[in-house]
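Input sequences plus hints: build the corresponding full structure.
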Amino acid sequence: MSELALSIDIGSTWTKGILVDIRERRVIHREATPTTVENLVTGFNRVYEALGGQREKPQVFVSSSAKGGLTIAAIGLVPDLTLKAAKMAAASAGGKVIASFAYKLTQADIGTLEKLKSDIILLSGGTDGGDETYVLHNARMLAASSVGSFILYAGNQAVREPVLDILRRFGKEASATANILPDLDSVQVDEARKAIGDIFLKRIIEGRGLSTVRDICSADPRPTPAAVYDLVGLLEDNDEGLLVLDMGGATTDVYTVSDPYSEQSNRIFRGLPETRLKRTVEGDLGLRVSAAFVAETGLSYMRRSLDEGRQSAFKAWVERIRGNTGILPSTEEEQQFDDMLAVICVAESIARHGGTLTPSFTPEGLVWIQQGKDLARVHRIIGSGGRLAQESSINIIRTALEGYFPAEKDTNRNSWPQVQRLLPHFNELVYERDRDYIIPLAANLALAYPELAKALVLQSLQREYIHD
Amino acid sequence: MSNQEKRPYTIVLGVIGFDCHSVGNKILDAYFTERGFKVINLGVMVSQDEFISAAIESAADAILVSSLYGHGEIDCDGLRGRCIERGIGDIILWVGGNLVVGKKDFSEVEAKFRAMGYDRVFPPDTDLDKAVQELIEDIEKRRQKKAEEKH
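These protein sequence lines are chains Y and C, in that order. Going by my numbering, 444 is the number at position 444 of the first sequence; the sequence numbering is gapless. Going by my numbering, 42 is the number at position 42 of the second sequence; the sequence numbering is gapless.
Among these hints, one or two may not hold up.
Examples of chain C residues toward chain Y, derived with CB under 7 Å [what the hints assert, rightly or not]:
id: 1; residue: 45
id: 2; residue: 56
id: 3; residue: 57
Keep in mind that the hints were calculated from the coordinates and are not lab data. Quick reminder that beta carbons are idealized off the backbone N, C-alpha and C, glycines included.
Structure below.
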């Protein structure tokens with residue numbers, strides 16, 4: 001077997017690749033070319049050739065997030081239970097949840113699904129041996145529709161066969177996997193991840209003209225975020241609690257591997273159990289495609305940070321760049337505005353990834369109710385992708401964690417306890433940036449060569465901040 | 001009669017409202033589990049909607065609500081209505097514990113909670129063996145009724 005590995009990531013704007021010496025654990029060459037949306041293979045071949053793919057016969061590993069990535073519509077029963085578990089499973093598999101539905105699907109919901117044309121519909125509902133009526137109803141609704149998405153059933157296993165029968169009788173492409181919520185105490189994403197990976201191969205890789213690419217690969221091509229998810233699981237040292245941020249033009253991804261709870265006597269946890277390894281993706285938080293929405297979300301932060309004249313300049317900048325991935329800041333002021341957008345993306349995406357504490361008064365005194373993951377257990381952050389890979393991205397992280405949500409620091413204003421976000425504590429952090437934006441490319445190697453993948457990331461990391 | 005394997009008796013357990021008393025809750029969990037029930041124990045400080053959500057996903061036969069801190073009247077009212085609204089209006093609802101503050105005649109308390117839609121109401125000193133028998137009876141009756149409705 002060749003001692004060289006070639007890793008290529010077909011991203012939404014760039015197709016990037018590295019040629020790696022496996023034994024010496026070093027990058028020999030790197031190459032990037034704009035992604036050729038009309039035919040992804042063209043761009044792929046360009047990078048493959050430039051890195052000596054023909055000549056050197058390396059082992060080839062490929063991931064893709066091109067053309068909007070892997071889109072998933074999630075269907076569950078109760079919003080906080082199976083639907084939430086379905087969203088967690090979809091995100092961990094590298095998917096982007098573009099719509100979600102609880103309880104019984106209506107005709108209007110079906111209309112939405114027909115219009116959205118997601119790659120996959122993840123159909124769940126009921127614990128094993130639990131409710132059957134809702135998933136059967138929803139399967140019938142999907143069967144009778146003109147929805148063309150692949151339907152993956154991951155609900156109550158007691159009705160697995162009837163659900164598949166209903167769907168297939170009406171010509172739907174469908175398969176079934178283990179329940180994502182077999183009982184209310186445990187979210188099980190592993191089987192669903194595997195099944196989603198298989199569908200990705202069939203529908204995306206072969207469906208989008210990449211079957212020739214698959215033929216030269218040493219392992220099946222994967223969705224980029226699914227590969228990164230596995231890599232992040234490898235990167236944590238000594239249970240330190242790690243958070244990896246990947247901020248792009250359209251989305252911001254947050255990955256954590258950390259303890260979800262802090263042991264404190266006056267705290268009670270509510271809701272679905274949280275996992276140590278977790279991914280969330282925010283499809284509405286990105287520096288370009290979604291810039292207008294980002295500016296809207298961070299309005300109060302922007303008003304606090306700029307005087308009125310500069311506020312209109314900021315708005316003009318947002319108008320210019322929204323939806324235009326090509327424009328880069330050329331003046332100091334534009335750079336500052338862009339960094340403010342980055343602060344909003346980072347702060348909001350971390351806050352959504354993490355949980356909250358809600359104060360509650362009981363006969364035993366004050367009790368805090370924790371919902372979602374406690375990110376105070378995170379002690380290391382890695383910034384990757386676009387602006388975060390560049391110099392001084394530490395300032396973005398600092399402002400996002402310390403200045404963006406000001407009200408909670410202001411304890412004098414109101415002595416009554418307030419709802420708190422469970423964010424990482426900046427003064428307990430190490431921050432590193434992924435200088436060479438190696439993470440997606442190293443991620444491709446994570447399953448076959450975990451130590452190599454880890455080493456490549458360490459070579460790219462530049463330490464920017466260590467707490468006192 | 002269906003020839004399917006019989007589903008275990010499934011019950012949702014929890015202490016309602018802002019009540020942190022966990023000892024009785026753990027005893028009930030152990031007791032019913034030992035007697036073959038499938039127990040979904042939500043622990044302390046459980047909201048009405050959490051009881052209902054858990055019951056829906058697990059297709060539970062019964063919800064057993066505990067209240068120990070004297071706010072039972074406020075916390076428990078309205079649960080039946082919310083069950084009806086969310087599609088499990090016929091579920092068995094039990095409630096027990098120190099349901100009201102002060103010394104009141106238990107028959108008064110019972111009448112009050114029955115009026116709220118609870119099928120059975122229990123004082124703090126309840127014979128659990130008897131309760132298990134009653135629960136099985138209630139569940140069998142409900143299952144039979146459901147089976148008849150199907151035909």
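Quick rundown of the hints versus the structure:
no., hint, verdict
1, 45, "holds (5 Å)"
2, 56, "holds (6 Å)"
3, 57, "holds (5 Å)"
The structure fails none of the hints (numbered hints given earlier).
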